[in-house]
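Novice: Residues per chain, in single letters:
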Amino acid sequence: MIKLVATDLKMQFEHRTLFEAKHLHFCQGDVVHLRGDNGSGKSTLMKILAGIQTPTQGKIEAQGFQPGPWWRSDSLLGKALYLHQHPYLYDGSVEYNMTYALPAPLREQPDIKQRISESILHAELGHLLQQNATLLSGGERQRLAIARAYIMQPKLLMLDEPTSNMDKDSQQLVLNMIAKLKHQGTGLLISSHQSCELTQLCHQEWKIAQQQITTSANVTSSYQPLSTIASSQSEQTKQEQQYVSAN
Amino acid sequence: MDGSWSALIQQAFGLLFSFDPEVWSIISVSFSVSLAALLITLLPSMLLGFTLAFNQFKGRWIITNIIQTMQSIPTVVIGLFAYLLLTRNGPFGDLRWLFTQQGMIIGQMMICAPVLVALSQAAFTSIDRRAWETARTLGVSWPRAVWALCRELRVPLLLAVIAAFSRILTEVGCSMMVGGNIMGVTRNMPTAIALETSKGDFAQAIALGLVLLILALILNFTLGMLRGKAQPRSH
Ligand SMILES: Nc1ncnc2c1ncn2[C@@H]1O[C@H](COP(=O)(O)OP(=O)(O)OP(=O)(O)O)[C@@H](O)[C@H]1O
Ligand SMILES: [Mg+2]
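So the sequences go chain by chain: A and B. Numbered according to this note's numbering, the first sequence spans residues 1 to 247. Numbered according to this note's numbering, the second sequence spans residues 248 to 482.
Hints listed in this document are in silico derivations from the structure and should not be mistaken for laboratory results. These numbers were taken from a predicted model, which means no experiment stands behind them. There's no promise every hint is true.
What the hints assert, rightly or not - Calculated lysine-lysine pairs in the DSS-like style (CA-CA distance at most 27 Å, straight line): (1) A/207 to A/59; (2) A/180 to A/113; (3) A/207 to A/10; (4) A/22 to A/59; (5) A/59 to B/305; (6) A/10 to B/305.
So that you can see chain A by itself, here it is in the shape it has in the complex (with noise of 0.2 Å):
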């Protein structure tokens, strides 16, 4: 089974203790909901399961990935892709950021071809792929970073509050990839400090709370805010509207 493992997990800045964890599984088809308030450490315990950031203490180890060449075969690099909170974007139209982490040779494949204009499709940047990346409004660029990661085909996959100052119709799109890439068994780790639809994907929850990681199976399916059961009907009967008007 594809997974990251984590043990005796400890971060700290200048003595200041953000968080602990005694075991962290992240495993392909997880989805997990991570939340804590503001400052918590979400980002940053992403990116050292990402492998950006090291940790102060612990170790983490990938588990069933295809080996890589020997000079980075212990690196957690390129295993769990991780989405920034505010994506970079390359100086460069759009189409080369979407295209830009795949080696020239595959980029003529079919499938991966094909899986381009999917994520073209999907996250409806066909009108902008010639413009330059860096002139993008926030929620295209959201958009454009998962899209980019959605060509990659990651086996892991964390995005750091992926819909945070989206619109209604661009958090739809966002929600549709996610779920895209959920049925395909990419394993996601979502980072929202509050629930909303897209948290309802998950089928686990991490919390950062007291400078703990603590872990819990389903949890926000069952504490549903009214609100978003109504947003979420909403959502329907306009998808509904989508495909009458599509046919």
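Here the structure of chain A is known, so what remains is to put chain B with the ligands in place on it, guided by the hints.
Specialist: For chain B with the ligands alone, kept in the frame of chain A given last:
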């Protein structure tokens, strides 16, 4: 000074555009030596600049300061140092590189590298850390991720290259000491200007001075255009 200014300048243009072999041999020595020094130092210097910017390690502070200091050492002093290295009895005397183009290249590399390292370190320090993190977490290999940063930083890095190149192309001290100003071999534009002027042969000196002047103009206009294009980013 014999002859009027206009006559001198006419003579100088005459030398340049009649393709006087001596003048053009001097120009070609200048360019081949400086380009070689630049090309050899370019990649290692940029990588060192990147490493200094992106890694916290013991001794980083001291290396950074040494490189900053080396930038301001006069070129004659670097020339003296290179001379001592390359002289018959020196540590690299067996190479017999004193008064050759190889020797000049070594000397110019010592002038060029600190400029490249310091300016590229400044450039790499200025970039958003997420640019690096994004590439790496998407599974991009180390060299390709560095390349992506260079692409983001193309303006400041090109500025670094131009600054380094114009410094070595125009320096006199080191070339004079290590090269020895031998016609057809190690005489380049700055050393030729110094010599011809001291001999009173101003036409050739002015011709070469013009070449340097035009080059400086071209490089600086390029710089200006690049600076003008660069815009602060909002995200
Ligand atoms: N490199 C660093 N050096 C020192 N302190 C840091 C560093 N990075 C993060 N912190 C601190 O760690 C804490 C957690 O930051 P983090 O970004 O992980 O929070 P978060 O849970 O993602 O918050 P939010 O909900 O606002 O996104 C913050 O108080 C922050 O100031
Ligand atoms: Mg955060």
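Novice: Which of the numbered hints are not met once you compare them with the structure shown?
Specialist: As far as the earlier hints go, not one is violated by this structure.
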